[in-house]
Amino acid sequence: MICKQKDSYFIILPIVIFINLIIAWYIGDYLTPDSYDYIEIADHLPIIKDSLFPIFYPSLLKIINIIINDYLITYKIINIISILFCFIYTYKFKFYWKEIWAILAFSSFQYNYIFAWSENIIIPLLIIFLHLNYLFYTDKIDPKKYLLKNTITLVLLILTKYNSIFFVFPTAILSLLYLRLSKKYFYALASCFISVLVLVFYLFLNYQFTGYFTGNRSELTKLNFMKYISLSKYEITTTIEPFGRPISKIVELQSLTHIWQLPYLLSLGILGILGIAIFSVLKKSKYYVSKYNVFLIANSLTFICLTLVSAYFTRIDVLGPRLLLGFSFPLLLALFVFIKANKINLPPFLLIGISLISAVLHTITSIIYGYI
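Residues in the sequence shown are numbered from 1 upward in steps of one, following the numbering used here.
To be clear, the hints were calculated from the coordinates, so they are not data collected in a lab. Keep in mind that the hints are not guaranteed to be accurate.
[Stated by the list, open to error] Each computed EDC-like pair below joins lysine to aspartate or glutamate, with the alpha-carbon atoms no more than 16 Å apart:
id : residue 1 : residue 2
1  : 183       : 142
2  : 183       : 139
3  : 227       : 317
4  : 62        : 50
5  : 76        : 29
6  : 49        : 37
7  : 149       : 139
8  : 62        : 37
Since the model is a prediction, treat every value here as computed from it, not as a measurement.
Please take these sequences and the hints and turn them into a complete structure.
Structure, rendered in structure tokens:
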């Protein structure tokens, strides 16, 4: 009874997120150059004139806008439905719901919610993908059902963001390694293979319609690669912990150049403390790392590595909360899965408190210094 009462306090996290959305959208609309590209692609559908972004998110914009007839309202409806889905889905299936609710309230995740970006579709799809594989690795789903559901989810992820293909590689490699333990992993391999075939077919259609496989990227960022790595390194640390982003906003917009490294150092400090805490657990004679934990970490690290490799050969924006979703979310979830599997006591109020402070800091700094 006491446990259920404590769990009920987690409801404050989605409330704070939606308060932030209301305030942000009251202040203005948030359309970036990418947002205008999404809307332009949607407006031209069913004719594909630009292959810079995949078709799923523009298709949703197009379909809902048939009823709404206003893209500014349409993208907000999509964002609200996506966020609500994340909370309802994780709670309904008891899929690390408290931990995921806490992650979704982090400042680096809230950064995405106000914009007309496909990342607001990626988050619920990523949760479904990770949940399906949790069921698969814990033998809680029929392999044939997994094959169908996981393939559909992977295809939708890839048709939302091209870099979602990065999830296929670790999934396939781990399945090959585990295949000698159980034939069920053949279904995971088949799911990955089908997803790659769909992507190849889609890219071929892109080329036929637009002359480009993934759009003309010559006009995107032209940063020197080492400068790109330097800026991205800063963003990586402030994205995977809860407090760096709001503090970095204060430092950046107040032109406090003499302490510009403060958010970076704070993030490193927090991650260092966390690393020491994990190491202290690993020093014990017994600790448990599940196959699912390995799956999460493998997906996270593969995503960031392949993202940096792709940045060398193509032109993409500097990494930030938006482009790091495929890295930060699985990594943070892996941490909580490890904590729970090893029965490490993490008081609910501590989890709520950390997320709440991050969320409130995000809202306050955004109101004062702007949401962009």
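Checked hints:
no.: 1; hint: 183 / 142; in the structure: holds (12 Å)
no.: 2; hint: 183 / 139; in the structure: holds (12 Å)
no.: 3; hint: 227 / 317; in the structure: holds (12 Å)
no.: 4; hint: 62 / 50; in the structure: holds (15 Å)
no.: 5; hint: 76 / 29; in the structure: holds (9 Å)
no.: 6; hint: 49 / 37; in the structure: holds (11 Å)
no.: 7; hint: 149 / 139; in the structure: holds (15 Å)
no.: 8; hint: 62 / 37; in the structure: holds (13 Å)
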